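Residue numbers (the working numbering), protein chains in the order written: chain A, 1 to 116; chain B, 1 to 116; chain C, 1 to 116; chain D, 1 to 116.
The reader is advised that the hints may include incorrect statements.
Just the calculated beta-carbon pair ranges, DEER-fashion [claimed, not checked]:
no. : chain 1 : residue 1 : chain 2 : residue 2 : range
1   : D       : ASP115    : C       : ALA64     : 37 to 45 Å
2   : A       : ASP102    : C       : ALA66     : 21 to 29 Å
3   : B       : VAL59     : D       : THR34     : 34 to 42 Å
4   : D       : GLU92     : B       : GLU90     : 54 to 62 Å
5   : B       : GLU108    : D       : ALA66     : 16 to 24 Å
6   : B       : THR34     : A       : GLU62     : 22 to 30 Å
7   : C       : VAL103    : A       : ASP61     : 25 to 33 Å
8   : D       : ASP70     : C       : ASP6      : 26 to 34 Å
9   : A       : ALA64     : D       : GLU92     : 30 to 38 Å
10  : A       : THR54     : D       : GLU92     : 24 to 32 Å
11  : D       : THR4      : A       : THR54     : 17 to 25 Å
Note that these hints are calculated values from the structure, not bench results. Since we're looking at a predicted model, the values are computed, not measured. Glycine included, each C-beta is placed from N, C-alpha and C at the ideal position.
There are 4 protein chains.
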Amino acid sequence: MPTTIDPAARACFELGIKFGSLYHQFAGTPVSPTSADALARAIEASIENQPYCTSVGVVIDEAALASAIDDIHGYTELTGTLMDVRVEVEVEGVSAVAELVDVEGYPEMQITSLDA
Amino acid sequence: MPTTIDPAARACFELGIKFGSLYHQFAGTPVSPTSADALARAIEASIENQPYCTSVGVVIDEAALASAIDDIHGYTELTGTLMDVRVEVEVEGVSAVAELVDVEGYPEMQITSLDA
Amino acid sequence: MPTTIDPAARACFELGIKFGSLYHQFAGTPVSPTSADALARAIEASIENQPYCTSVGVVIDEAALASAIDDIHGYTELTGTLMDVRVEVEVEGVSAVAELVDVEGYPEMQITSLDA
Amino acid sequence: MPTTIDPAARACFELGIKFGSLYHQFAGTPVSPTSADALARAIEASIENQPYCTSVGVVIDEAALASAIDDIHGYTELTGTLMDVRVEVEVEGVSAVAELVDVEGYPEMQITSLDA
């Protein structure tokens, strides 16, 4: 890696990796009110394994989930509109946080904190 | 669906769907000794949401996991060689079971029971 | 595998595996009118690698895709409502076909042909 | 987003998202010499849909693939050790590139260029 890539840039890169991984690994998973909590805990524990990751918080929104479930099947597939996600990483003393933020009805991954 | 597709055939089809779903949804998930149990519980709870599925049992093998983890990263990615899986479905009174069976070193999905 | 599992049951099991694999491997993939064709071809070629699979046909519906794409991002995520899928397998001379069928607005995987 | 997150940091974040997405969406896909090219093209076209992404290059290594394929099945599952990946993004005039780099036998995602 070129020496010009400072720890703050690397922290932001690592945050992005965690978010992209989390989303594309778990989106599409069948989810219902009875399985939501187990899924949220597994997502947190799985992504926390990745390098530089200090904490992952996932909350599957009960009301959003209830609206998304159809009466025929009793479950739906996990998407970004059903969850709140907060990921924190630390690279060489720089910590950074990103969250899934609602932007005009779409979940958008954003850096919400970057501290040297 | 044509009337010639009997409940036993449909039960086998449903079993296959559960196995393919489980494998391709969760293979690749970062996994370590500390996150394995949460992941196994989430896989079970998620797939049990699917239609006709009466039970899912997932055991991530501690010894296989320990061998697969590399010293640099402390985790690996979930694959079929790391887990035992048992899925049971019931379609119109016919229950069927499939398991991930080791065949010459490769995990193979097989129907292990089919009862009218 | 017990001797009581006949080739027809196994063909249905294999069909289910292909469908579950296809869906949970590729659902969530970013897709737009410019990338839809490449994605459909890759899904076909990938799943045709699996054992007993003789043919896979995937069509991503242009009109459904156009409706699903939002104006801000120009793409959406692949789901079952955006595609037609047909999978054919053959096990010991028994061929079987399954398709993604619209049932009350939801895509449902169904066996549509089973010939000894 | 706080005003302190400059375009370079955001470019690195976006790069990370693309890499994590690409890896966890497509890892595990059945792949063989006959399907590798279609898969590589679909990965490129799919990820290029994502915001700020100006180019994605994926090469599935023929020799690595040949070694990974087992004689029984004729295919394997896509992993990071089988491919070269290069992703380029541009955020407010800042372009950044990341690549999958071999580090002691493991594929590691690294920023390889960051230009204001």
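Structure-based check of all given hints:
Between ASP115(D) and ALA64(C) the CB atoms are about 40 Å apart, so this pair conforms to the stated range of 37 to 45 Å. Between ASP102(A) and ALA66(C) the beta carbon distance is about 24 Å. The supplied range of 21 to 29 Å therefore holds. Distance hint check for VAL59(B) and THR34(D): the Cβ-Cβ separation is about 35 Å, which falls inside the suggested range of 34 to 42 Å. Checked against the hint of 54 to 62 Å, the pair GLU92(D) and GLU90(B) passes, with Cβ atoms roughly 57 Å apart.
With their beta carbons about 22 Å apart, GLU108(B) and ALA66(D) fall inside the hinted range of 16 to 24 Å. Look at THR34(B) against GLU62(A): about 27 Å separates their beta carbons, and that is inside 22 to 30 Å. Separation of VAL103(C) from ASP61(A) is about 27 Å and conforms to the stated range, judged on CB atoms against 25 to 33 Å. Evaluation of the 26 to 34 Å hint for ASP70(D) and ASP6(C) yields a pass: the beta carbon distance comes to about 28 Å.
Look at ALA64(A) against GLU92(D): about 32 Å separates their beta carbons, and that is inside 30 to 38 Å. For THR54(A) paired with GLU92(D), a C-beta distance near 28 Å keeps the hint of 24 to 32 Å intact. Our hint of 17 to 25 Å for THR4(D) and THR54(A) holds, since their Cβ atoms are close to 20 Å apart.
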